[in-house]
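*Asks:* As you go down the protein sequences, you meet chains A and B in turn.
Numbered according to this note's numbering, the first sequence terminates at residue 83, and the numbering increases by one at each position without gaps.
Numbered according to this note's numbering, the second sequence terminates at residue 146, and the numbering increases by one at each position without gaps.
Don't read these hints as lab results, they were simulated from the structure.
Not one of these hints is a red herring.
Reference listing, derived: stretches of chain B covered by chain A, where coverage requires no fewer than 3 residues with Cβ under 8 Å from a Cβ of chain A:
| # | stretch |
| --- | --- |
| 1 | 26-40 |
| 2 | 114-121 |
With the Cβ distance kept under 8 Å, some of the chain B side facing chain A (calculated, not the full set):
| # | residue |
| --- | --- |
| 3 | Val5 |
| 4 | Arg9 |
| 5 | Met11 |
| 6 | Pro12 |
| 7 | Ala13 |
| 8 | Val18 |
| 9 | Val22 |
Predicted model, so just to flag it, every value in this text is computed and none were measured.
Ideal placement from N, C-alpha and C gives every residue a C-beta, glycine not left out.
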Amino acid sequence: MRDGEKSAGDICQMFDISGPAVSRHLSVLHRNGLVDRRVSGKHRLYTARPEAMQRLADWTLNHRHFWEASMDRIEAALREERQ
Amino acid sequence: MTDVVRLERVMPASAIRVFEMVSQPHNMVRWWGHDEMTVPEHNLDFSKPGPWYSTMVSPDGTRRQVSGEVTKVDPPRLIAFTWAWHDGGPGGPREAETHVTIEIEDVDENRARMVLSHYGLGTDSARAGHTKGWLSIFEKLEDGLA
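Sequences and hints are given; from them, build the entire structure.
*Replies:* The structure is reproduced here in structure tokens:
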């Protein structure tokens, strides 16, 4: 989908799960604004929305990681001053 | 599911010196932030009560803003402040407010224990799990379609 529109059928072939299960996943992605969907004849065509995926990546901003990295730098700065 | 991040570390300096490093503006810029992110705009000063904010930029140019208010300062023992990300970056509405305390106490004359607690992160681990699930779906989609 990153490279453009794909049909639900194309996407189904990439997974070891059933067609209906893939359709359910795609519906959830669409409902939450992560993919665009349009109907062409009998096919449903899906496209990824990069800006929505970026928002997902933001969620991974992890507070434990933030503070651990900050404490590493506090400790390093204090050591530097002692020398 | 835990909603508190708690980190404890013995620092190689007295409590007063650790407090100065953690709270003073000219020292805060030396340590504040995520790895590999720059902090081009901020008014960081945890040495006295009042509002604070910082804008952080990741290597890909994404700007994020976090802000809050320093609610209590008891040198060198305690700093307490609130913390919330701005949805969608600088200028966006603030997300759920969380609370941070930094406690500092002398261990001996050259060492002090620093305890940082970040409360109210109930959504953090849920979000991380959520994200992992969604991203793995996307990875499969992208691998299959590349």
